[in-house]
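> One line per chain: the protein sequences are A and B, in this order.
Heads up: the first sequence at position 239 corresponds to 239 in the working numbering, and the numbers run straight through without jumps.
Heads up: the second sequence at position 158 corresponds to 158 in the working numbering, and the numbers run straight through without jumps.
Treat the hints as calculated values from the structure; they're not laboratory data.
In silico negatives: residues of chain A with every beta carbon more than 10 Å from chain B: (1) 139; (2) 209; (3) 213.
Simulated coverage check for chain A against chain B, where a stretch passes if three residues somewhere in it have a Cβ under 8 Å from a Cβ of chain B: (4) 154-164; (5) 175-186; (6) 190-199.
Given the structure is predicted, the values throughout are model-derived calculations rather than measurements.
We treat Cβ as the ideally placed atom computed from N, Cα and C, and that holds for glycine.
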Amino acid sequence: MRYLDRGFKSMKGILAAGLFAVTSLGAAVVSQPVQADALSEIEQRGTLRVAVPQDFPPFGLVGTDLQPRGYDIDMANYLAEEMGVKLELVTVTSANRIPFLQTRQVDLVISSLGKNPEREAMIDFSDAYAPFFLGVFGTDEAAPLDSVDELAGMTIGVSRGSVEDMELSDIAPTDTTINRFEDNATTIAAFLSGQVDYIATGNVVAAEIAERYSDRAPTLIYQLKDSPCYVGMNKEEPALMAKVNELVAQALEDGTLESLSQKWLHASLPDNFGM
Amino acid sequence: MGLTLDFLALSPYVGELARGLVTTVVLTVVTTLSGLMLAIVVAYLRVHAATWVRRILGGYVELTRNTPFIVQLFFIFFGLPALGIKIDAITAAFLAMTLNLAAYTAEILRAGIEATGRGQLEAARTLGMSKFQSYRHVVLVPAFARIYPALTSQCIIVMLGSAVVSQISVFDLTYAANFIQSRNFRSFEAYLLVTLVYLLLAVGMRQLFLLVGRRLFAFRQGGQA
Numbered sequence: 001m002r003y004l005d006r007g008f009k010s011m012k013g014i015l016a017a018g019l020f021a022v023t024s025l026g027a028a029v030v031s032q033p034v035q036a037d038a039l040s041e042i043e044q045r046g047t048l049r050v051a052v053p054q055d056f057p058p059f060g061l062v063g064t065d066l067q068p069r070g071y072d073i074d075m076a077n078y079l080a081e082e083m084g085v086k087l088e089l090v091t092v093t094s095a096n097r098i099p100f101l102q103t104r105q106v107d108l109v110i111s112s113l114g115k116n117p118e119r120e121a122m123i124d125f126s127d128a129y130a131p132f133f134l135g136v137f138g139t140d141e142a143a144p145l146d147s148v149d150e151l152a153g154m155t156i157g158v159s160r161g162s163v164e165d166m167e168l169s170d171i172a173p174t175d176t177t178i179n180r181f182e183d184n185a186t187t188i189a190a191f192l193s194g195q196v197d198y199i200a201t202g203n204v205v206a207a208e209i210a211e212r213y214s215d216r217a218p219t220l221i222y223q224l225k226d227s228p229c230y231v232g233m234n235k236e237e238p239a240l241m242a243k244v245n246e247l248v249a250q251a252l253e254d255g256t257l258e259s260l261s262q263k264w265l266h267a268s269l270p271d272n273f274g275m
Numbered sequence: 001m002g003l004t005l006d007f008l009a010l011s012p013y014v015g016e017l018a019r020g021l022v023t024t025v026v027l028t029v030v031t032t033l034s035g036l037m038l039a040i041v042v043a044y045l046r047v048h049a050a051t052w053v054r055r056i057l058g059g060y061v062e063l064t065r066n067t068p069f070i071v072q073l074f075f076i077f078f079g080l081p082a083l084g085i086k087i088d089a090i091t092a093a094f095l096a097m098t099l100n101l102a103a104y105t106a107e108i109l110r111a112g113i114e115a116t117g118r119g120q121l122e123a124a125r126t127l128g129m130s131k132f133q134s135y136r137h138v139v140l141v142p143a144f145a146r147i148y149p150a151l152t153s154q155c156i157i158v159m160l161g162s163a164v165v166s167q168i169s170v171f172d173l174t175y176a177a178n179f180i181q182s183r184n185f186r187s188f189e190a191y192l193l194v195t196l197v198y199l200l201l202a203v204g205m206r207q208l209f210l211l212v213g214r215r216l217f218a219f220r221q222g223g224q225a
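If we strip away everything but chain A, and leave its shape as in the complex, we get:
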């Protein structure tokens, strides 16, 4: 701005003030309840705008064709298809995904979004569309456990200080051996080399191991903490919420979600999913 002369600068100031007035007027209009709801707006526009990640495999990543792909992108595609509108993907980061929604630059956030009270105060959440959890995983032959007591006597590898370490340490019976490793990479190495036959980790990490080393694909035997992903949308959008929930329920019913889970997470949906 320093290169502008004074007169021009003040003119710019006036312009900016005018612009500000117009936009705040616009904002005032937008927040009027008389404004059409988001669902009919999407239908009129003929496009569904969805915020998706591109840096969080397998939910959102950039494919070799430089197009976003992943569980979240497939989910967005499914919703747009079922709504009979075109899809417009907006790639976001985990920090700006909610601002994108609040400023109405997107209609939905499908970005491996978990629920917490802070977020619930700002936006609304649909029903869960993707599993996201921490658990104890074993090898192929490992059978699911009925109760936490069955962890007794097992040796479980975990990354020291991680959320799964805290959860596991809290609930594991005293004669469970918890071998803590420095980081995820070392924990995975211990599991892959057979030094531990069980690891506590997230389903996403388990999916990554399964993809690269199918002969030692981790199988969930006990769920530690469940924090599934939800579709985020602005508050006070009952019509859009109803539509999304209807489509999520349908996807759960007709196996669409199951096939997404198989495709991207190399595992079935957990038994408690959608409950």
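Following the hints, position chain B against chain A.
Just chain B, lined up with the frame of chain A:
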């Protein structure tokens, strides 16, 4: 910057610290003994065995002395299972530490053995000592006496180096400190405490070695030869 120290934050973890201390001490004692025994064998063979044996052992000593301990440990723990050799964490720690200490000590000891003049050994044989007796009294014991200070340092280095085994989930003193600071985030207190414990262990070991040395090498009380 205000740093408030809270050593009471460590009190719920006394059990972990004790367990870590016991593991570190046991690891050190066992590997010192096994490492020394292996070192004597290696040093003897490196001086007296056939050329091909000397070459192989030379290879082992050089490989061990010229690679990082943590890499040796990771190779044994994470690498060997690929060849079907699965060794659990604590055994891998014993093995890696023993092999490491033996390689260094064998090299130190070899210098001690080679410093013994050939004439001394021949004199002992002439005096009617058996081959074993003369080797033991004339070569080995004086060699040990000569290298004793270096040996003490090497054993302490291995004790301090044992901190690395926490990386393969052996519950030693460092593992305990890592564990504590991952729970209460009191890293300053936790690491300061184990630093002091390691210091005490090292000083204690040196004193113990001195005491043992005075008894073992009583014949040298006149001072260094």
